[in-house]
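Asker: Here is what each chain is made of, one letter per residue.
2 protein chains.
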Amino acid sequence: MSVEIKIGKREKAYELLQADAQKILKLIGVQMENLTMPQCPLYEEVLDTQMFGLSREIDFAVRLGLVRADEGRELLSSLERQVSALHEASTQK
Amino acid sequence: MSVEIKIGKREKAYELLQADAQKILKLIGVQMENLTMPQCPLYEEVLDTQMFGLSREIDFAVRLGLVRADEGRELLSSLERQVSALHEASTQK
Numbered sequence: 005m006s007v008e009i010k011i012g013k014r015e016k017a018y019e020l021l022q023a024d025a026q027k028i029l030k031l032i033g034v035q036m037e038n039l040t041m042p043q044c045p046l047y048e049e050v051l052d053t054q055m056f057g058l059s060r061e062i063d064f065a066v067r068l069g070l071v072r073a074d075e076g077r078e079l080l081s082s083l084e085r086q087v088s089a090l091h092e093a094s095t096q097k
Numbered sequence: 005m006s007v008e009i010k011i012g013k014r015e016k017a018y019e020l021l022q023a024d025a026q027k028i029l030k031l032i033g034v035q036m037e038n039l040t041m042p043q044c045p046l047y048e049e050v051l052d053t054q055m056f057g058l059s060r061e062i063d064f065a066v067r068l069g070l071v072r073a074d075e076g077r078e079l080l081s082s083l084e085r086q087v088s089a090l091h092e093a094s095t096q097k
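Top to bottom, those sequences are chains G and R.
If you read the first sequence in this note's numbering, its first letter stands for residue 5, the second for the next number, and so on.
If you read the second sequence in this note's numbering, its first letter stands for residue 5, the second for the next number, and so on.
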């Protein structure tokens, strides 16, 4: 029973973090569509702030023992790669 | 056993959040001592960013069911009150 609960919280923690990463990606996508200026300082600021927020969540989950440190790093760098790909696709339009 | 584990994670979650709030308070204190300018935009930006980071952690813990929403709000507003008090003490020097 205790193991089940632990796994449940771990899964939920990872799911929440992934959902938050997707939300950031979507926000950045919307920003790119509407601002059409990835060089805009506001864009950079929003991205930095959002990435910082997610990194704080991940760090918290790792310290709680709900997510492994390498999983957390991978989640963050995967998001970074996706944002870069979005960025590239948008500048090549 | 399962209940114990759950309580353990809840306590740990709250402890971590409180420790993070204390870290922010300390950082703001150091900034005030050294910058001696609470009106400085950099100071505001650091404070906003740190508060945002903590609010993301708290929100995550609430969504995971580890911290009650009202506990989370109280933790954040308690930190805000402490920062204000620090701010006031520093401007009255």
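Calculated from the structure, these hints are not laboratory results.
Treat the hints with care, as some may be off.
Here are the simulated SDA-like cross-link-like pairs (lysine to any residue), alpha carbons at most 25 Å apart as the crow flies [what the hints assert, rightly or not]:
id : chain 1 : residue 1 : chain 2 : residue 2
1  : G       : 16        : R       : 51
2  : R       : 13        : G       : 14
3  : R       : 13        : G       : 77
4  : R       : 16        : G       : 23
5  : G       : 13        : R       : 30
6  : R       : 16        : G       : 19
7  : R       : 27        : G       : 30
8  : R       : 13        : R       : 56
9  : G       : 30        : R       : 59
10 : R       : 30        : G       : 34
11 : G       : 16        : R       : 13
12 : G       : 27        : R       : 66
13 : G       : 30        : R       : 16
14 : R       : 30        : G       : 53
15 : G       : 27        : R       : 37
16 : G       : 13        : R       : 67
17 : R       : 13        : G       : 56
18 : R       : 16        : G       : 68
19 : G       : 16        : R       : 20
20 : G       : 13        : G       : 35
21 : R       : 27        : G       : 91
22 : R       : 13        : G       : 19
23 : R       : 27        : G       : 12
24 : R       : 16        : G       : 59
25 : G       : 16        : R       : 92
26 : G       : 16        : R       : 69
27 : R       : 27        : G       : 36
28 : R       : 13        : G       : 30
29 : R       : 13        : G       : 78
30 : G       : 13        : R       : 13
31 : G       : 16        : G       : 91
32 : G       : 30        : R       : 56
33 : R       : 16        : G       : 69
34 : R       : 13        : G       : 12
35 : G       : 30        : G       : 69
36 : G       : 27        : R       : 56
37 : R       : 27        : G       : 52
Asker: Just pull the numbers of the violated hints for me, sorted ascending.
Answerer: Checked against the structure, the hints that fail are numbers 1, 5, 7, 10, 13, 15, 20, 21, 23, 25, 27, 28, 31, 35, while the rest are satisfied.
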